[in-house]
Amino acid sequence: MNQRDNILAQVLTVPSLPVAAVKVISVLQKPHAELCEIARVINHDPGLATNALRLANSAMYGGQRKIDTIDMAVARLGVRRMLDLVVSSVVKPFAMTPVQGYDLPPGMLWLHSVAVACGAEELGKLLKIDVPSCAFTCGLLIDVGKNVLSTYLEVDGQAIRHEAFEQHVSFEQAERHVLGIDHAEVGAALLKHWGLPDALVAAARWHHEPSNCPPEHQALIDLVHASDQICTLSGIGTGSDGSNYKPCEATMARLKIDVHVIEATMCRIVERLDALEDILGQTSERN
Amino acid sequence: MDWPRIERVLMPVQVGSSTREGIRVAGIGEMLVSNDVREILVTYSLGSCVGVSVFDPEAGVGGLIHCMLPSSKIEADKAVKRPCMFVDTGVIALLQAVMDLGAIGSRMTIKVAGAGSPMDQVGRFKIGERNMTTFRKVLWKNGLMLAAEDVGGTEPRTMSLYMGLGRTTIRKNGSEGEL
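Protein chains in written order, with the numbering used here: chain A, 729 to 1015; chain V, 54 to 232.
Hints are computed from structural coordinates only; laboratory data are not their basis. Honestly, I wouldn't trust all of these hints.
[To be verified] Taking lysine-lysine and the DSS-like style, the derived pairs with C-alpha atoms no more than 25 Å apart in a straight line are: (1) K974(A) x K225(V); (2) K984(A) x K225(V); (3) K853(A) x K225(V); (4) K179(V) x K856(A); (5) K856(A) x K131(V); (6) K974(A) x K131(V); (7) K758(A) x K920(A); (8) K179(V) x K853(A); (9) K126(V) x K853(A); (10) K134(V) x K853(A).
[Unchecked claim] Listed next, the stretches of chain V that the computed footprint assigns to chain A, with coverage defined by at least 3 CB atoms under 8 Å from CB atoms of chain A: (11) 91 to 100; (12) 123 to 131.
[Claimed, not checked] Sample of chain V residues lacking proximity to chain A, with all beta carbon distances greater than 10 Å (derived): (13) E111; (14) G113; (15) G169; (16) P171; (17) I180; (18) T186; (19) R189; (20) K190; (21) A201; (22) V204; (23) E208; (24) R220; (25) E231.
Ideal placement from N, C-alpha and C gives every residue a C-beta, glycine not left out.
Make the full structure from the sequences, and use the hints.
Written out as structure tokens, the structure is:
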């Protein structure tokens, strides 16, 4: 078995997501998801129910009236935020682990993921374009492949960094040269293994090569790619890979992104992260 | 010689947090000042952001800031809340804070790191260069000299100011060196 196959086999050993979470995510993906159906599924998972109530009563969403039932929490948060909440709840423990091959201490990858998620939404607002409903969730998930690869990068991290920085190739290309696979493909394999919807799998798979993605996901993946580049450049939750990635010019042209949009997005991401701190908790010993 | 007066910034300033004993960390848009020889001031993950260290060996006073964007004019209301996020308001706030602790401009050693960029970019992502241009303008306007810099490229940097000796170091690609 070559190293690529070995890594893909490793992906299949990652524990599955809780059944309730997969069920909620699948209900939330329906175009006309019924709030009562979502509430019913969430009610069966104490962890998700607690998080939903916490978020609904947080400073960001809290109204004057205290929310104490899941039906009310779902109504206040809406379908899009419920999807973000559920994915955050199930993926955060995974993403909070240290990613040693990338020199990321506990929480740094999660910080980066949340920043990319917020950035995708903020970019959409700044550019006055419709943000696909799962953009935030996609942002949370694009780099989960790093968690799996870090097991291997503990051994090969130096070789990949050398290839990337000395040979001047992008970090994901260096991963492919050294390991036979990059973190984007590994992440997509993991999300597929977890049974998550196609859009989320595609965003993870193509977030460094947005021009190769299926056309139906182009708008989504353009936003996620641009946000990832902006967060990486600004150093939010970045590891030893730094900003050693290539922004896709075609994406930047499609979105009409200029330096002022990038700066405004950076500013808004930091503001969003500040506002989310009481929900996310202290994300890392760094930053 | 009369040292140019640095314009005061009457704004709240985000102060970095303490982690392990003696090590204090400035996050994005935060600054730290110290006159304690036991302390190490650190800022991590400098990408296109700039980290600036300032040290007056005679007063034993130093400071460190992590600025993200060049100009506060981009979001004036945010600059009021977070002046250290921007180079133009943040560096002034840092200079003011170390001077309040007894530092004097003519004795200061000022160093800068970061200002990185992604690969193969033609202009859209040149935030790092814009940060450096603004930083140099701030120094020039206040008659201050830059002692050392480690800027550009795609590698992330960690900047540390060791208050005991006034050393500034940069850690990148797994090794730490003097700046």
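Going down the list of hints, with the structure as the test:
Distance check on the hinted pair: K974(A) and K225(V) sit about 20 Å apart at the alpha-carbon level, within 25 Å; holds. Under the criterion of a C-alpha separation no larger than 25 Å, the hint pairing K984(A) with K225(V) is inconsistent with the structure, at around 33 Å. For a cut-off of 25 Å, the pair hint linking K853(A) to K225(V) is broken: about 35 Å separates their Cα positions. Using a Cα cut-off of 25 Å, the hinted pair K179(V) and K856(A) holds, with the two alpha carbons roughly 23 Å apart.
In summary, the hint linking K856(A) to K131(V) is supported, as the alpha carbons are separated by about 21 Å, within the 25 Å threshold. Straight-line distance between C-alpha atoms of K974(A) and K131(V) comes to about 30 Å, which puts the hinted pair past the 25 Å bound. With a C-alpha separation of about 18 Å, the suggested pair K758(A) and K920(A) falls inside the 25 Å cut-off, and the hint holds. Pair hint K179(V) plus K853(A) holds up; C-alpha atoms about 22 Å apart against a cutoff of 25 Å.
This hinted pair checks out: K126(V) and K853(A) have alpha carbons roughly 20 Å apart, not beyond 25 Å. Straight-line distance between C-alpha atoms of K134(V) and K853(A) comes to about 22 Å, which keeps the hinted pair within the 25 Å bound. With 4 residues having a beta carbon nearer than 8 Å to a beta carbon of chain A, the stretch 91 to 100 of chain V meets the requirement of three or more and the stated coverage holds. With a threshold of 8 Å between beta carbons, the proposed coverage of the stretch 123 to 131 of chain V by chain A holds, since 4 of its residues qualify and at least three are required.
For E111(V), the requirement that its beta carbon stay farther than 10 Å from each beta carbon of chain A is met, with the minimum near 32 Å. G113(V), annotated as away from the interface, keeps every beta carbon of chain A farther than 10 Å; the closest lies near 27 Å. Not every beta carbon of chain A lies more than 10 Å from that of G169(V), the smallest distance being close to 6 Å; the non-interface claim is violated. With a least CB separation of 5 Å from chain A, P171(V) falls inside the 10 Å interface cut-off, contrary to its annotation.
Distance check on I180(V): its Cβ comes as close as 6 Å (rounded) to a Cβ of chain A, failing to clear the 10 Å threshold; non-interface status is violated. Distance to chain A confirms T186(V) as a non-interface residue, since its nearest Cβ pair spans about 12 Å, more than 10 Å. Separation of R189(V) from chain A is adequate, the least Cβ-Cβ distance of about 18 Å exceeding the 10 Å criterion. Residue-level check passed: K190(V) sits 17 Å from the nearest beta carbon of chain A, beyond 10 Å.
At roughly 20 Å, the least C-beta separation between A201(V) and chain A is larger than 10 Å, which holds for a residue marked as non-interface. Its beta-carbon lying about 13 Å from the closest one in chain A, V204(V) satisfies the requirement of being farther than 10 Å from that chain. At the 10 Å boundary, the C-beta of E208(V) falls inside the reach of chain A, the nearest C-beta of that chain being 5 Å off. Against the 10 Å criterion, R220(V) stays outside the reach of chain A, whose nearest CB is about 21 Å from its own CB.
Under the 10 Å C-beta cut-off, the non-interface status given to E231(V) relative to chain A holds; the minimum distance is some 20 Å.
In the structure shown, a violation is registered for the earlier hints numbered 2, 3, 6, 15, 16, 17 and 23, in ascending order.
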